[in-house]
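Novice: Residue-level listing of the chains:
Protein chains: 2
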Amino acid sequence: MTGNSSPQLWIYDTTLRDGTQREGLSVSIEDKLRIARRLDQLGIPFIEGGWPGANPKDVQFFWQLQEEPLQQAEVVAFCSTRRPHKIAASEPMLQAILAAGTHWVTIFGKSWDLHVTEGLKTTLAENLAMIRDTIEYLRAQGRRIIYDAEHWFDGYKHNPSYALQTLETAIAAGAEWLVLCDTNGGTLPHEIMQIVTDVIKTTSSDIQIGIHTHNDSDTAVANALAAVMAGANMVQGTMNGYGERCGNANLCSLIPNLQVKLGYKCIEDNQLLQLTETSRFVSEVVNLAPDEHAPFVGRSAFAHKGGIHVSAVERNPLTYEHIQPEQVGNRRRIVISEQSGVSNVLAKARCFGIQLDKHNPTTQRILERLKELESEGYQFEAAEASFELLMRQALGNRQQFFEIKGFQVHCDLVQEEETTSSLATVKVAVNGKDILEAAEGNGPVAALDAALRKALVNFYPQIASFELTDYKVRILNGHTGTSAKTRVMVESGNSHQRWTTVGVSTNILAASYQAVVEGLEYGLLLHSQAEAIVRASS
Amino acid sequence: MTGNSSPQLWIYDTTLRDGTQREGLSVSIEDKLRIARRLDQLGIPFIEGGWPGANPKDVQFFWQLQEEPLQQAEVVAFCSTRRPHKIAASEPMLQAILAAGTHWVTIFGKSWDLHVTEGLKTTLAENLAMIRDTIEYLRAQGRRIIYDAEHWFDGYKHNPSYALQTLETAIAAGAEWLVLCDTNGGTLPHEIMQIVTDVIKTTSSDIQIGIHTHNDSDTAVANALAAVMAGANMVQGTMNGYGERCGNANLCSLIPNLQVKLGYKCIEDNQLLQLTETSRFVSEVVNLAPDEHAPFVGRSAFAHKGGIHVSAVERNPLTYEHIQPEQVGNRRRIVISEQSGVSNVLAKARCFGIQLDKHNPTTQRILERLKELESEGYQFEAAEASFELLMRQALGNRQQFFEIKGFQVHCDLVQEEETTSSLATVKVAVNGKDILEAAEGNGPVAALDAALRKALVNFYPQIASFELTDYKVRILNGHTGTSAKTRVMVESGNSHQRWTTVGVSTNILAASYQAVVEGLEYGLLLHSQAEAIVRASS
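Line by line, the protein sequences give chains A and B.
Oh and the first sequence: position 265 is 265 in the working numbering, straight run, nothing missing.
Oh and the second sequence: position 202 is 740 in the working numbering, straight run, nothing missing.
Treat the hints as calculated values from the structure; they're not laboratory data.
Small disclaimer: the values here were computed from a predicted structure and weren't measured.
Idealized CB from N, CA, C, for every residue including glycine.
It is possible that some hints are incorrect.
Claimed, not checked - For lysine-lysine, the following BS3-like pairs were computed, each having C-alpha atoms within a straight-line distance of at most 27 Å:
1. A/K358 - B/K624
2. A/K485 - B/K799
3. B/K1010 - A/K485
4. A/K121 - B/K896
5. B/K965 - A/K157
6. B/K909 - A/K472
7. A/K57 - B/K1010
8. A/K371 - B/K1023
9. B/K965 - A/K358
10. B/K965 - B/K1023
11. A/K157 - B/K799
12. B/K695 - A/K265
13. B/K896 - B/K1023
14. A/K358 - A/K472
15. B/K1010 - A/K472
16. B/K909 - A/K57
17. A/K454 - B/K1023
18. A/K121 - A/K201
19. B/K909 - A/K371
20. A/K86 - B/K896
21. B/K1023 - A/K472
22. B/K695 - A/K261
23. B/K739 - A/K485
24. A/K485 - B/K595
25. B/K965 - A/K57
26. B/K799 - A/K358
To be verified - Which residues of chain B face chain A? A few of them, derived with a C-beta cut under 8 Å, are:
27. R621
28. G724
29. D754
30. N788
31. V851
32. P855
33. Y916
34. Q917
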């Protein structure tokens, strides 16, 4: 889509600084380093690492990057202007910035007169001196400066001439970029477009303009696009739109919009293929569930549910997809759900390599069973392994590796000794023979899982290579409190595949057990299929 | 904000039709009725109820509304144009539309030539006839028509003259509104602005224009705003942005943007005050967790975390908030977290009516305990009741209503009989006396809750009025599977208040127990505070 002639846009990622302001998000230094290296691979040219003067964790992050630098990206240290009536050279936080050892430093300063007088409690002139001194000091130490004009849009609306003075001061002191920040996120795209146009018209011609938006008006992405159309050539945002309150502009939406739709060059096209994976990697590292409905990179972004859509999209994807999912490393999904028509079940069967046709009465039977289970609270949209087992059951070709007879779980907590213990006993039958095994675990589900593996591993040694990679619990009809139904999703994996299974019960342990059992069963199925292929080809 | 002179915009809600296409969302007829009545209260003038010709659930929904109509809103039935080469009057789905008994009907038809020839497999002329016949037939039966031009923007880009012909056909047949749909969600705001302007210039002057956008480019809200600025006066969207793939334009963002920021009249200002509550009501009814980071209505939308922000926002909210949270029925929150400074802890203490000052060494101790617990996986951002208990503990004024000694849980599952049983025994001490009680439940947590209440109710009869209103489980570091730490949040309530507590453990039952125990303790605390007030005032 983009060639050598595409205009370059500079992406500036602030996931590791502004992104971590998101409520519920916290990261270790190791997490930050993993994310920085992954963003570097994605081709992000500027990665803001943190505020070393304000946070000891960030100091260490920059030191570690000095030991083992990024491949391509510039890592940027973030800091405010000096405090009122202090000497820049004596400010500890500016010493911390220098110690961070980056080529680039982002300095944020006040644009809005109200923030100067009410927030900093100083004079408008002193604020200009703070901007000037800070930038000049860092320039003298050989740093290149990005100036973040905090509250720019509100400040400009309130007192345009003072706001513009702050920018002129930053330019005169040696800043190379002016980043216009919509800190409170209240500005709408048409205002952004107008004000960025004004700034570009007013300021000297060789300064470069960046945009930093927040999503409080649900227009962060559109705001950044409006600024680019008005002439900005740096776009700040975060992975998955993480950030304080409603988040920052989402780079996972901005990059494909800018590159695929508007023809700008942000990263290489082959790096764009990694976007979905990188988005999920970041959400895993920060331990937040990925937003399944996220544009471009969400699991549902190219999911087709309604029966009409499914048949049409299979004929011609252009009819129902705004871009090719593969361009951003995502994929089309046919969704199985209550609303599914026969065509969805058939499409899904094809994915699993199962022969099924419209006129087969089994197809209708699968659909009915599906609706029945969904009304009980099951959901197969994510639990594709359980759905395949269900289809095989209906078709009469579900292989019975083992039979479940029952379980017992016993948990004990003694408050004074601060101890808990969990013991599980399971009973299964393999080839008609009953097996009883017991195991302990640091929780009841871990104990059940351990007992089950113990019971089966002698018959199926490959079970030793399966691992339980994720375990999710969702309370259905939460209103009824602890009596509510529980849906458990278990993700299992071996060295090269992952699969998800589901269990539902009012008893959380019974639901967990069911999902764990199907996870093992599906792993055995994959293993026996792989063996059959090996046998056939040898 | 809005007066009589504000231009009117017509909001058209399609939560009950397009919204239900969201993956993972399913609703009963009862759910749909509850949502429709609530949207009616909110002042939404058009509520699309469903497609009675395609879905038996929707047929019944419309019948129930005929029995007991909405107060103000027009409920709208949705349907496609007749099939190729059929007679409108003989189409069963149009009979179903008439039977729905609404004043208004939305008919969607194809705008994009590709969809006519490849999707419908008919001629371009026949598609025009389908639009004309369907609208004329329904007009003759006294229905008023909104014409939804499906795939409008893609169709117009591809073949503008044919696309415009479909609109002219709908106008000539008697449609009162033309709704331009960005069905695939790929269009960006500047294109929407341009194309809506073109349509308004081209079509006859007395037709009204609506806009229907999807969020695949992360610009659905901005797209709708762009259309309004170009002259559209109907905006379609869904509550919480529910919808297929990445969702529809979010009315919870659009209404405040249009009404508070752009000065249009959508609903009454006193109805706007219900927006946050309505958003949460809808998410509860459809049983999806509310998006905490949603603009305007999310729990985090006006949350302040960083230390600088908190002190500034307390001095002057305008400095860090784009609108007053109260305008949309939301509220400011001071967030407690790892990054919290002392000022957050102090602000939070004030909320709880606890006297604390900066120089009190306890303040520092609370902060340290907080960081320690958060590193173990606790989170107090949502569990404010547990945080208050923690503060009281540090201050030495946590009242000990009872003491926890331990519990035992036993669960049994017998596969053949399809039975599970859960038995819990708890040991607590009240006023130095040990109490042992046992209870059964339909799951282990329900059994624990029941046993605990049984043990305490003789001492604290008010416990009978507490209920457990929500129960949430989050697996921390999910990668370690069933051995992972579990965080449980429990929401409890009495007749007029709700509070949330948290528990963390590798044992899901221990984590649940801890949260349930603190939920009861906090309820007792509230009760004793209320009694103290009654005593003081009598």
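Novice: Any of the earlier hints contradicted here, and which numbers?
Specialist: 2, 5, 7, 8, 9, 13, 14, 18, 19, 23, 25, 26, 27, 31, 32 and 33
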